[in-house]
Every structure is written in C-alpha cells, then in structure tokens.
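With chain A's structure known, arrange chain B on it following the hints.
From first to last, the protein sequence lines are chains A and B. Following our numbering, the numbering of the first sequence begins with 1 at its first residue and continues without gaps. Following our numbering, the numbering of the second sequence begins with 1001 at its first residue and continues without gaps.
Just to be clear, a hint being listed does not mean it is correct.
[Unchecked claim] If the Cβ cut is set under 7 Å, some of the chain A residues that face chain B in the computed set are: (1) 233; (2) 235; (3) 251; (4) 260.
Hints in this document: simulated from the structure, not taken from any laboratory. Keep in mind the model is a prediction, meaning the values are calculated, not measured. No residue lacks a Cβ here, since even glycine has one placed at the ideal position from N, Cα and C.
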Amino acid sequence: MSAATPRLARKQFTPLRPKKSVGLTVVMLLFVVYSLIPLAWLVISSTKTQDALLNSFGLWFSGKFAFFDNIVWALTYEDGIFVRWLLNTLIYVVVGAGLATILATLAGYGLAKYDFPGRKVVFGVILGAIAVPGTALAVPTFLMFSKLGLTNTMWAVILPSAISPFGLYLIWVYATDAVPTELLEAARVDGAGELRTFLTISLRLLAPGVVTVSLFAIVATWNNYFLPLIMLNDPKLYPLTIGLQKWNAEAVGIGAQPVFTLVITGALLTIVPIVIAFLFLQRYWQTGLTAGGVKQ
Amino acid sequence: MKTNIARALAAGALAALLGGTLVACSGGDTDAAGGGKSDAAALDAALKKGGTIEYWTWTPQAKDQIAEFEKEYPKVKVNLTDTGGAGDSNTKLQNAISAGKGIPDVVQVEYQSVGQFQLPGYLTDLTQYGFADLKSKYTASTWANVTQNGGIWGLPQDSGPMALFYNKDVFEKYDLTVPTTWDQYIADAKKLHEADPTKWLVNDTGDAGLATSLMWQAGGKPFKINGQKVTINTDDAGVKKYSDMWSQLIDQGLVGNISGWSDEWYKALGDGTIATVTLGAWMPGILTSGAPDGAGKWAVAPMPTYDGGEAVTAENGGSTEVVPKGASNPVLGAAFLRWLNSNEKSIKVFMDDGGFPATVADLHSDDFLNYKSDYFGGQQINKVLAAAADSVISGWQYLPWQAYANTIYTDDVGPAFQDKSDLYAGIQKWLNDNVKYGKEQGFTVNG
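Next comes chain A alone, as it looks inside the complex (with noise of 0.2 Å):
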C-alpha cells in the first residue's frame, strides 16, 4: 500500500492541469448528441413537405427539398400573421425583458449596498417570490388585470414580465461582491451623488451582472407561454408561442386544417433568433450561474 500512495498523489489532479477522464467525455458526449437529436429533427423536417413529414423517416431528408418554400408559406400564411407574432414577441422581449432587468439592478443595488429598516423583510419577501412560480400567479393575475381592465391588452403580458424576483437576487448576490463598499465610501468622500456614483460606478462594475439578468429575463419572456395565453383573445397579440400553438391546433376538429408543416417551420424561425443572443451571450450566462457560488 505505501508504495502505490505516491503514484496515487502523482495522478490527482489540480486545477491548473484536469484530469482527462474517458468516462466523463463519452458522457459528455452523450448528453451532446441528446440535446441536439431534437434539433435536428427539427432542421430536417423543416425540410419536407407536408406529405414527405408525414410519411418518411424524421432524422434523415425525404422528398422534395421544400425549405425555402416552407419558410415562404409561414411568413405569408393567415396575411403573413407569423410577422406580427415575431413583432410583437420582440415588443414582449424589449420592453417586458428591458424594464424586468432594469427594476431588478436597481433593486438588487440598492438592496445590496444599503442599509434600512426593513431590509431583512424586503428580502424574505423576495426569497419567498422566487420559490413561486409563475404558472401559479398567473390566475390570479388574470383576475387583477381584467379588473383593471387591462386583459387582452400588450400591458397583459409586458406589466407581469418586467418583475423578476430570481434577478433582483442575482444582482443582490452580485453586488455585494463586485462593488466594494470602500469604493462607494470613497466616491461619496469625493463628493459623488448616489445617482452619480450608480450610474458612473457601480453600473460598470455591475455590467456582467446585468447582462446576465437580461438574459434570462429575454429567455424567459421569449419562451413565455402560459400567460399570453390566458390573458389575450386577439391572435393579433400574440406572441410566436401562442401562435404556434394556434397553428397545431387548427389540425384539430371540424373544418381542419392541418399544417404540420407550417408548425414545424415557424419553431424553427423562433428558435432561431434565441440561438444567436444565446452564442453572443454564453459567457454571462455562465457567469450568471456561478454567481454567489464562490466566496471571495
């Protein structure tokens, strides 16, 4: 056994050089091909006609190379309402996913690097806003907002969007590291305002943060479902989720229509634009969930 111990401490691995591990890679592995089987699925039936979507293998092509055809009937489709819904869910994204980090820095700032009375409060109540989930605020949501008259509206799904409690902790969490306590002492010697020194400061040394908590909010208001759903009738209000669904379910019931094809291509064009902010954006997103996890 003594003999085999420094052989075993001459393998352990640091962190400057990891461990190459056989195992872990082909898992890795594994789980890559998992995640992107869907994908292209996805891709290749986009492909197809609908009778070749039908009738043919999914992950392989089949038939006549109907891509660009596809692509043309979903943005023309109903008077192009594909257009619309892309529109309105950018609206839903920009101003629902823009003021839900806004608020949540602000927020997460002042509660980080102030103190006052009430504090601990704010905070649990905040604790407690993350452990719900939106699915079971959205009724009585629904039931607030028709009261307000606000129901069918775009306010319906960009009021409920723009609050992220999982943000506000983000930043809080964030803060706390990334603006040193000194440095706003040191700001406020000199003479800054609180405004000041926010936006000329702490707004900076925020920045990974903040990126990090429009993505998420962007995410999470793209892929909105549940809400827009119960809240809007106007399918000229719709965002690109709902939309789809609107589509999947005209092949449903009497007069149907199905447009397997049409559905299958429309997913795909709204992926898209969430694929490319996900590439330019992966390192904060990393960042993001690392946040908090390690003490300096």
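Just chain B now, kept in the frame of chain A:
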C-alpha cells in the same frame, strides 16, 4: 398531448376559480338586451341602422360569409376574431365574461358546450327576436342542441350525423364486407388485424367525443339537465351497451393505439394503416385536406348499428353561434346570427367550402344529394350522409361542463385502452368523477 392536458387544466382551474363568483353575479340583469321592441322586426331595423359587431369563430368560411353579409348590409361592419378552435374559444369566452369586458356580440360554441354557458345564465334567449319561427328550417337533432331550459340560445351552423368512412382498397385487399352491425364490425376488425398486424380497422385511445356519440347511438341518456338540476345516471343501459360492444374490440387487441387528430392519425388515414373511422358527416373535408394520399380510396356507408335493422345514428360534433349576455350590440348581433345560419347565401358559402349543413332544405336539395365527390372516387356521399341526418336518435343531452368532462375522460377511461383493463369500470369512474365535479361547481347533482 401534454399541451392539451396543460390547457385543459388551465381551463379547468380558471373555470373552477371563476365558477363560484360568476354564478352569483349573473342573476341581476336578465333582459337588458331587448330595449323595448323585441321581435324579428327589431332585427330588421338594426340591420338597416347599421353598426359594428364583434364575431368570434373558428369556422374557415367565416371571412367569405362576412364579405357576403357586408355586401348585403353595407352599414354593418363585422369584426372577425379567429379563435383557432373550440377549446381555446371556450376559455377565451369564459375569461371575457368573467372580466365583463371584451365580450363578443356573436360567438361560435360547440353543441356540447351550449349548456356550459347557458346554465350559468351567460347567453341571451333569442326567443324574443322571433327565432322560434325558424325551427322548421333545421333538423330535429340540431334544433334540440340549441334549445334547452325553455329558451332558444342559438341557431345551428352545421351538423355531424355519423357515418362509417372506410378505405375501399383495404376492404377489397383483405376481403372484408362493409359492416352494417357492430358485431360484423368486430369480426372485420379481427380478420384485418390477423391478416396484417400492422393494420387496424379502428383507432381509439379514449376519445370522449366518439364514446359519447356511440353511447348516444345506443340510446344512452346518462345525463339529464333540468334548470340547475343535473342528473347523472351511472347505471345507464345505453352506456352499458356501448361498453359491452367496444370492450370486445379492446379485449381482443383490435384497437390501434393512435390518437385522433395527431400527425400519426393523418398519416394512418392516408396510407391505409387505419381502415375505418366512424365520425360526423364533416369528415370528408378532413380527409380531403388532411389525408390527400387517401384520395380515391375512401368510401362512406351508413353507421353500423347495435341491433341491425333500421338505421340509427347519433350526432358527432357541430356548432352553433350564440349571443352572450354583456355583448355591447346584442340586437345587431342576433340579426347577424340570424342571417349567418339561415340565409341562403351564407349557407351556400358554408357548404361550397365543405361545410355540412343543419338546414333541412339544403340537406335534401338535389344539388347537394347528387354531388359526386372526387376524393371518394365519384361516390354520391351526401346521399348517405343526409340519410344519416334523418335517422339521429333523440333524447341525448350533454353535461353543462361537457368540455371539462371530455378532458377527464382520457384520464379515467384511457387506461382501459392502454392496459386492457375494464372499460365499464373506467366509464363508471368517469361518471362518478363528474358527479363530484358538478357538485363542486355548485350544481345540484343527483347521481
């Protein structure tokens, strides 16, 4: 499938939440709509005066019908909202009513959901506009669907008398005879599946619409509505008759595990994997648009019966338009509704695009009966379908929460299809669950 369940849950949760408060606050203004003169003449006057109305529907022909209507009444503007389908439409209507805002003037509702909106008092009784005079225009079964509790709540838009649609090619290849009774049907199902285990005579995974229609055909009357009182008979003879027949198919493993309306279903209709469907007379339109590969292969025959002899059918699907209470322009709405479902031109537009009418005159017109369907290889399908409309057995009623009941049917009865457990036990559980649900909703249920 998942989304359907989530959606049903959502709708159910909303309905459950709203139900209590709504029933309470709907009693007040019973007839604010009339405004004095309330008869057919009031509708004519409203049409002359003009105005704007909101119309919610998922009927594909709606756009053309509105264009025709606005040509005839240029002063009336109809704003169309395409609600996409019955499930969404019900949820949206329920939401609008609970919000007391954005309620449409005219809205499409499935026959099976009329009670859901009529019982809590959400619908305008159209008797006041002289709609009783229109009764003779419609088939008895569809008229019965829009009249209950002493009022007229809509005008039938279409009908779905049932027939047997079968794939001729498959029938010829496997030497099957077109069944006239369910016993023969079961024999065919066995013969086909034994000859080719990849083929099925029938598919079903627990479809409530099909099951209730077959109970209806068996003379079942499990539900009775009388005012706010709902009677659910858990020991109905017709329900048992359906269960005894259908469970033979299940027990012998003769039912294809393919859900209706799925992409798999459309494919199976096109390539002969499913050899028959027993559904409403609107099915030819579905086959034409959803299973183009089946062109020339399909044919239609009268629905098989339980006992042989005289033809007995049931209705499967179909909708009416209604005028909800709280609509901002109910008189003009009723006038549009009257035109929509009784005017010749409107019905013609509806039928030209594959709609199956509810009006007796159209069902028996020579043009309609002599029409030869290309998809059906030149068969005069309407002769079979119109005859079916005349042999619908009367007495069936839907639950006032039928849409919800249909969603839990899959949960309660679905397992019988998956693991061949007792179908009748599943149906009993379903009926009992409905007794419970009805009570929770504040109905007087004696089950």
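Against the structure, the hints:
Given the 7 Å rule on beta carbons, the hint for residue 233(A) holds: about 5 Å separates it from the nearest Cβ of chain B. Because the smallest distance between the Cβ of residue 235(A) and any Cβ of chain B comes to about 6 Å, under 7 Å, the interface hint for this residue holds. Taking 7 Å as the C-beta contact cut-off toward chain B, the hint placing residue 251(A) at the interface holds, the least distance being around 6 Å. A hinted interface residue such as residue 260(A) counts as satisfied when its beta carbon comes closer than 7 Å to some beta carbon of chain B; here the least separation is about 5 Å, so the hint holds.
Violation of the numbered hints given earlier is absent; every hint is satisfied by the structure.
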